[in-house]
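S.K.: Make a model of the complete structure from these sequences and hints.
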Amino acid sequence: MFEPVSSKVSFPEVDRRILDFWQEKRIFERSVEERKGAPLFVLYEGPPTANASPGVHHALSRVFKDVIPRYKTMKGYCCPRKAGWDTHGLPVELEIERELGFSSKADIEAYGVANFNAKCRESVFRYVREWDELTERIGFWLDMEHPYVTLENSYIESCWWVIKQLWEKGLIYQGYKVTPHCPRCGTSLSSHEVALGYEETDDPSVWVKFRVANRAVKYLESFGARSDLPTYLLAWTTTPWTLPGNTALAVAPKADYAIVEVEIDNRKERLILAEALLESSLVHPYKVLGTCKGIELMGQQLHQEGVEYEPLYRVHDEPYKSFELNLQAGKPRRGENFWLIAGDFVSLGEGTGIVHIAPAFGDVDFEAGVRNRLYFVQPVDEQGNMKGNPLFEGRFVKDADHVIIGDLEVRRLLYRSETIRHTYPFCWRCATPLLYYAKPSWYIKTTAKKESLISGNEEINWYPEHIKRGRFGDWLENNVDWAFSRERYWGTPLPVWRCQDCGRDDCIGSIEELKAKPGLSGLEEPLNLHRPFVDEVSFECPECGGRMHRLPDVLDAWFDSGAMPVAQWHYPFENEEKFRESFPADYICEAVDQTRGWFYTLHALSTLLFDRPCFRNVICLGHILDAQGEKMSKSKGNVVDPLTILNSHGADALRWYLITSSPVGNVRRFSVELVGEGLKRFLLTLWNVYSFFVTYANIDKYDPRTTSNISYKAELDCWIISELNQLIENVTKALDSYNPTDAGRGIQEFVEDLSNWYVRRSRRRFWKSESDADKLSAYATLYHCLLTLSKLLAPLTPFVAEEIYQNLVRPFYPNEPESVHLAQFPAADLSQVDEQLIDDTHLAMKISSLGRAARSKAGIKVRQPLAKVSIDVRSEGESQGIERVKSQLVEELNVKDVEVTVRPPPAEATAGTVGPVVNIDTVITPELADEGTAREIVHRLQTMRKNAGFDIADYIVTYYQGSEAIKRVISGFAPYIKQETLSRELSEGIPTDAYQESHKTAGEEMVFGVKRTARAG
RNA sequence: GGGCCAUUAGCUCAGCAGGUUAGAGCGCAGUCCUGAUAAGACUGAGGUCCCUGGUUCGAGUCCAGGAUGGCCCA
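For the first sequence, numbering that gives the first Met the number 0 begins at 0 and goes up steadily by one.
The reader is advised that the hints may include incorrect statements.
[Said to hold, decoys possible] Keeping only pairs whose Cα atoms sit at most 27 Å apart, straight-line, the calculated DSSO-like set for lysine-lysine is: (1) K176 - K7; (2) K774 - K856; (3) K104 - K514; (4) K1010 - K35; (5) K679 - K712; (6) K774 - K7; (7) K966 - K767; (8) K767 - K577; (9) K679 - K448; (10) K867 - K885; (11) K977 - K700.
These are calculated hints, taken from the structure and not from any lab test.
M.R.: Here it is as structure tokens:
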């Protein structure tokens, strides 16, 4: 016996039952343990931070992370899955700052770093219970018992080891990084904070002339500009205070530039600017002397052919720094001219087509400095005061604007000066204008391994594939060094100690190494590697004997997660074997924003450390938006809590929606209604087939062991078995190529066919009284389909799959695996696929559909038998196909005969005449009418049985009263009616204790009564 | 400003080595079928396949430009 299954099902209750079962039987643990020795399949879990409740987007990635390892386990792999927690980083700090009402780093310092970090530490596990619950409830199998945690000393020590490795390879250096900086607060702002503070403001708008060096003027003659007048490059800026930091001008290489002659205050001179911007820029009459492309202006090289110009200011008593030397040291190059560079950011929409570049200010400028190895000049200190030239020394930047404008005017280097109203970012806390300011920062020299990063990417399978050469590939192609230090508090401390006296830097790679330092002090037990404790540790400089103190920076939290392949195992200090066998990962999965985040940091650190990629396969998920297409955010209040959906619809419904509703890489609009739709369309359909099977199998005491070697005979059985094997093949292919969506959609189509054709067409085979070979074949077929489905579905909808598997397998096969998740994934038997039969059956479906449409048009209900249906088909092949599935058509269309005619389409026929044509014989003879009435009576009686609350298998006595015509039909079709309604007898006259109803059909009044005689089964 | 992705029915999505009549589910209206069904079938309304050009005998599908939305980076 199978456990009886109601068609009414509560999936959340199923979830509970199955979760208890898994826990009690330790199925997840065993699914790993019992595969010991099998090839490993390694998932790296991208660690979440548990300082807020998980949202439905977390459910999305957790489902996709789960599907593949479950599948691989069933394919025979061993898949340990280690959980992880990301516990450091600026978002954690900001959350605490918000709670404490802090508005600056000074507040944190005053509060005490120890106290602050203690708060941070506590906060990152606040919602761990919610995360645990989501993880469990959604069925994400993950080893939550032994997670890696980025704040642990062992994890930090591994990070230090990584840095030391890079340090020894010369891949770490201190340079500059441009950050939005508030000069009043003395701190950098995150991009999110910057976004808070855009305001409309008035700023200077000045056109500045950069004088072309004498030796370069000659170069211009080749463009038709013969003259010995003074020549200037005209540039436009709204931040005059940045001009002292200018070290280059950028042009658009493909744009046309004009050399024009103008007369200003009775002096003739020449200006160079973009041809397209002559009108909008120049306020004097001008004469075009010649034109050339931007790239021609740039010429070849400095000091060879090409335009160079004289700096506006020579502010630098100190030597110029050069990007060529990573800003570490400089060579004096006083009197140097600057040159032109190409910039894809140069716009021809405003300005002059010549852009002033000051690498100390602004990302674009800094980037240009790095790429073109420009000089670097910093004429502003961190308080926003100018330095390096007596003219403006000590002035706040904004107050220096008018000084500089006045100075340029006097020197005749100012062409035009106005004001402009535009948006500019201000500090959201104190309304001071922000400076994009280059600050010292520590870098990992990823550019040194750029070729390896790119070639390693070639070995990675990306889903969707376009990410590989698109978003990720582009990112690698445009790689810049990774600024990985942060001037913050809560993070892995940078393990660099600097000597106060001689400036020597030491990188520490392990706790042991630190403890062995001479003259060590400040190290306290129990060890806490976080600030401020680690800041107390100092030791003796091996060079000069001075004190070495740690630099105050902490690491970008992305470094932590990027180091997880080694740090999760505390490698190389322990677990060497575990690290080796689990690196690189077979599979990772996160949302698309991680291309520049975790995907990159994993790839970068792996390439730098081991010169190989970190993961072989990656699914890159699109984002979830709300039903209106808006991003979900706490402030909008449109965040969907996954637990409410899990409680109402169950885990599988949510999983099914997430897996099948849209391609993985697409954004998707989320709504609870769509989850419910998938539940109805797929899960309930599947459940109904399952419930149907169990109901009848129990009535017939079907035992699957008796049919284990059956060979399928009926066309219907062969057809669905063909479909099933094709499905196995397709699902396997889809999951092998990391495409759960197509796998799920294929299963859904199969289940629809199974329910709407196989079961519908087979009902009578299960319903009939005798247990003949045909009935057993039907049971065996449906049993096999459901059991196979449970295995195919196990990775996708693990709960309902388990529920079905348990009931189908356990009562009869105690030696089979105890859980579907311990079973082998089905293998397709393509020898059982009859493609012709599949085509024929689809043809039968099509013709049935047309036939029903024809009946509908003629107004004849299907219950009324008809003499025949005639079908015009287009080929002999179709005709043979119909012959093969004729019996299905006879039943489905309720006709006595099927007549097939082959009528090739006329030569000129194109549209509208290609498919088969179906006609029904609408003549209803008295015999057919009687038969129709008989069927009508059966239908009414069936409904009465249900209304009376009888069991499906109850036997009854049926009583009737009615006209002669009714009596004639009842006596004429008595055996049929008895069989269909499980009536022992049909008798005239209705006793009072029978359940009775009166009916009217075909214009005849009649009354029926039904009474239970004996309970069957 | 740059890059990537998307845009097909009211909603969610299929469709493509270019091929004649662009489909499904949900929703809506009507009819039917039903002792598995919280289902199902049929019919109907509902489409300038985002726009403009181009390639082609032929474009929802390929190419170019643009629009809108999302994401990432400026």
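S.K.: Does each hint hold? Answer for all of them.
M.R.: Do the hints match the structure? See the list:
With a C-alpha separation of about 63 Å, the suggested pairing of K176 with K7 is violated against the 27 Å cut-off. Restraint check for K774 and K856: not satisfied, since their Cα atoms lie roughly 35 Å apart, outside the 27 Å limit. Between the alpha carbons of K104 and K514 the distance comes to roughly 31 Å, so the proposed pair goes past 27 Å and is violated. At roughly 62 Å between alpha-carbon atoms, K1010 and K35 are farther apart than 27 Å, so this suggested pair is violated.
Proximity of K679 to K712 is assessed by CA-CA distance (about 33 Å); at most 27 Å being required, the pair is judged violated. Proximity of K774 to K7 is assessed by CA-CA distance (about 26 Å); at most 27 Å being required, the pair is judged to hold. Note on K966 and K767: the hinted pairing holds, with a Cα-Cα distance of about 25 Å set against a maximum of 27 Å. Taking the CA atoms of K767 and K577, the gap is about 60 Å. The hint is violated against a cut of 27 Å.
The hinted pair formed by K679 and K448 fails the criterion: a straight-line CA distance of about 52 Å is larger than 27 Å. Our distance criterion of 27 Å between C-alpha atoms is met by K867 and K885, whose separation comes to about 12 Å. Using a Cα cut-off of 27 Å, the hinted pair K977 and K700 holds, with the two alpha carbons roughly 23 Å apart.
Of the numbered hints given earlier, the model fails hints 1, 2, 3, 4, 5, 8, 9; all others are met.
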